[in-house]
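Once you've looked at the hints, dock chain B against the given chain A.
There are 2 protein chains.
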Amino acid sequence: MITNMPDNQITLYIIKALKESKRKEFDAILDELQPYDVARIYGELPEKHKKRFLLYLNIDMLADLIEELSKTEQLDVLNRLGIERSGEVLDEMDNDDLASLLDDLSPEKITQLLSGMKKEESKAVQDIMNYPPETAGRLMTNRFVWIRDYYTVKEAVTKLKSFTDYAETINYLYVIDQYRKLVGVVSYRDILMAEADAVVRNIMYERVISVSVDTDQEEVAMLIQRYDFMAIPAVNEENVLMGIITVDDIIDVVIQEANEDIEKLSASGKSIDFETRAYVAAYRRLPWLILLLLIGILSGSIISTYQETLKEIVALAFFIPMISGMTGNTGTQSLAVVVRGLVSNDINKRVITKLVLRELGVGVIIGITCGILISLIAFIWQGNLMIGLVVGMSLLLTLIIGTLAGTVIPLILYRLQIDPAIASGPLITTLNDIFSLLTYFGIATLFLHHIQ
Amino acid sequence: MITNMPDNQITLYIIKALKESKRKEFDAILDELQPYDVARIYGELPEKHKKRFLLYLNIDMLADLIEELSKTEQLDVLNRLGIERSGEVLDEMDNDDLASLLDDLSPEKITQLLSGMKKEESKAVQDIMNYPPETAGRLMTNRFVWIRDYYTVKEAVTKLKSFTDYAETINYLYVIDQYRKLVGVVSYRDILMAEADAVVRNIMYERVISVSVDTDQEEVAMLIQRYDFMAIPAVNEENVLMGIITVDDIIDVVIQEANEDIEKLSASGKSIDFETRAYVAAYRRLPWLILLLLIGILSGSIISTYQETLKEIVALAFFIPMISGMTGNTGTQSLAVVVRGLVSNDINKRVITKLVLRELGVGVIIGITCGILISLIAFIWQGNLMIGLVVGMSLLLTLIIGTLAGTVIPLILYRLQIDPAIASGPLITTLNDIFSLLTYFGIATLFLHHIQ
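Chains as they are written, first to last, in full-length UniProt numbering: chain A, 1 to 452; chain B, 1 to 452.
Bound-form chain A, shown alone (with noise of 0.2 Å):
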């Protein structure tokens, strides 16, 4: 019926099943919808209308629902449930979507939110929430069909047919054997393909790439990337299956790890999106802020130190956010490409010094260019051609220095574990610009001294 409806009209049509009570039909529609349109109608839903449409949804409808919604609309909804029914939702929920929203809610909000939920199901909620943030533990779900070495074929569907509702996820089922450990994968193909009375020890794949529960979400990211996986197993260390994970949570991974990545490169403050508040944002990003500001007095401080040659050439001035600006801006080029190089490639000594010689080569090419450039026009603009050799030397000199620091400080920091991307950004731009105007300002002292 609503199949080819546009969004607007099929809010309304729920509207009206709602008013007038007809469940049949509010039933038929909700159940053409995706959990992404049931979350955005239900915001889009006047708040009289609300309390019924939540009634009228099953426990399974309410729990997809849930796991679209922000936590602070998550937690409405729980609340408007009541204990008893809020616990059986919670009950369905995905554990690892449950544990993000439990993540940083006061301690006796989350007994609260538990003590109405099922023993297992809370046990293994609470043990997601032990692993560290960003790491495999945290994005696994125990929502999964796993079957044992010594199954046959026929036993692995009948397993498969009564978990449907696990089963509708991932196409491969993960082998364990007696002491829960991980020791083979199958996909529907092969079951399909085999005999009934097949045993499954004999068709599986023994090879299966897993993860840690501890290995970082990133890396985790890279691997279903690399495979084409629509999922791969967590185990612990002792090999024993704990979970799994799929790529739709790799995805958002993805997109996660991409955002802190400009965020760092930027410098715009973690997590800034367009519901924070204003307070918030300039809270976040003013630290950065200050340390540019303290940044650009010690520049400042530079300049001063050089007052008497600037005193005797004005011109000096105006040079001064051209040559800044293009180092720093060279050195944030070469920290982008190493940044997000680093997230794809497999990083050894050969790559690493194959990389700062091609980076040598940029900044030789770049700054050879640039320099003649700059020394025509400052030339031709200050008809003095000592002004226009000491800007083009210094910025010839300045964007080689600036590529290289822009290449190996991220690759040092790497080395040393520290982020790239969040400690490179201020590093690079305070030694460039230390290093731009001390190049600047000592190459033109030196000439006018030559001079006289």
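Just so you know, these hints were derived from the structure itself, not from any lab.
Careful, some of the hints might be misleading.
As the list claims (entries may be wrong) - Capping the alpha-carbon separation at 27 Å, the derived lysine-lysine pairs in DSSO-like fashion look like this:
#	chain 1	residue 1	chain 2	residue 2
1	B	71	A	349
2	A	354	B	48
3	A	123	A	159
4	A	154	B	159
Unchecked claim - Covered, in the sense of this in silico footprint (three residues per stretch, anywhere, with C-beta under 8 Å from a C-beta of chain A), are these stretches of chain B:
#	stretch
5	245-253
6	324-333
These figures come from a predicted structure and were not determined experimentally.
For glycine and all other residues, C-beta sits at the position ideal for the given N, C-alpha and C.
For chain B alone, coordinates are given in the frame of chain A:
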């Protein structure tokens, strides 16, 4: 056998099998490996073993291997295979991967490669290549199972079994009517649960979320992410099912788009990675650097118009790097928030108004904080209240304007359908540089006159 073997030992094992022509052992090892690993091992093989390695692989494995290689390697392998075998391999490859392999080749080379292929396969690839780059049409594959709406569940299962190869990637079946129009979708789970003689039309979901073949890949990614799909169908303007796009391709899109945003924001030049040669990288970065150089000259000429002021108070020069650096940085901070926000938010008037007001708030807060701070520092350092006030007031103003420029300009460009990331960087830098220097020297000159 190789289940728990480290990677380099597997390579040695394979070399041994190749040396001793032990085909069976070779097959046993290969059977347990993922395509990514096969490609890695192929890359590590000494030249003399590559020929036999390729000879030992069957067509399926060769297709898998090629899909993991870089373009140059792909062409090299195809060359080694000879026209007939390479034709078979190309038949077996995913259409979208093949299309991107052929993308930049000469027409003669394309004809040569396609000539070895089956007619229908080579036509399918040529069809895909007719879609513009970065659209759904380019990403989609025709390797999937569709069923007719009048099939029974039993017929659907039979079809599924005869196409197990295709059935591995996802776990829903798209349903088409007699005109090949997309009319529904059923999950494997629905099929498992239903009676064997139930008709697909009656158990399918009718509200299929699909994309058009010319939908931008970024939008496809947003839909897949939003709905947590494993795949999404692509249709033409008559709603005829043309192909499906799977989540593993979408992860690559997400990474590619994030990298593009970062490249643009850091102006690091398009597609420079660890493999790019120095002169190519320099060539790609130079346009932006030369633009920056000209902007720098413009800034310099602004300073030069105020050289009388500067001569009187040389100390004003000390604060030039700080003011232009900080204004530029606040602009970039806002820009990054907007550019990444556009990836995952629906944009409307309400959102925009809220965002602009928020950033105005941020600008005021950081402006006041940093303004007061620098006033004090400048006063203490220079022992001159007037300089402190001039610098502080300038910074207050430029930070507010910098923040607003970084927010409003990308939004305007987005409205004009220009990519905000690429166009805003240079624009914001220029405007902020010019504006900050004008403000700074303007205020300074004004106050100087006032004193005199």
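For each hint, the structure was consulted:
no.: 1; hint: B/71 to A/349; in the structure: 24 Å, holds
no.: 2; hint: A/354 to B/48; in the structure: 26 Å, holds
no.: 3; hint: A/123 to A/159; in the structure: 24 Å, holds
no.: 4; hint: A/154 to B/159; in the structure: 20 Å, holds
no.: 5; hint: 245-253; in the structure: holds (count 5)
no.: 6; hint: 324-333; in the structure: holds (count 8)
Checked against the numbered hints listed earlier, the structure breaks none of them; every hint is satisfied.
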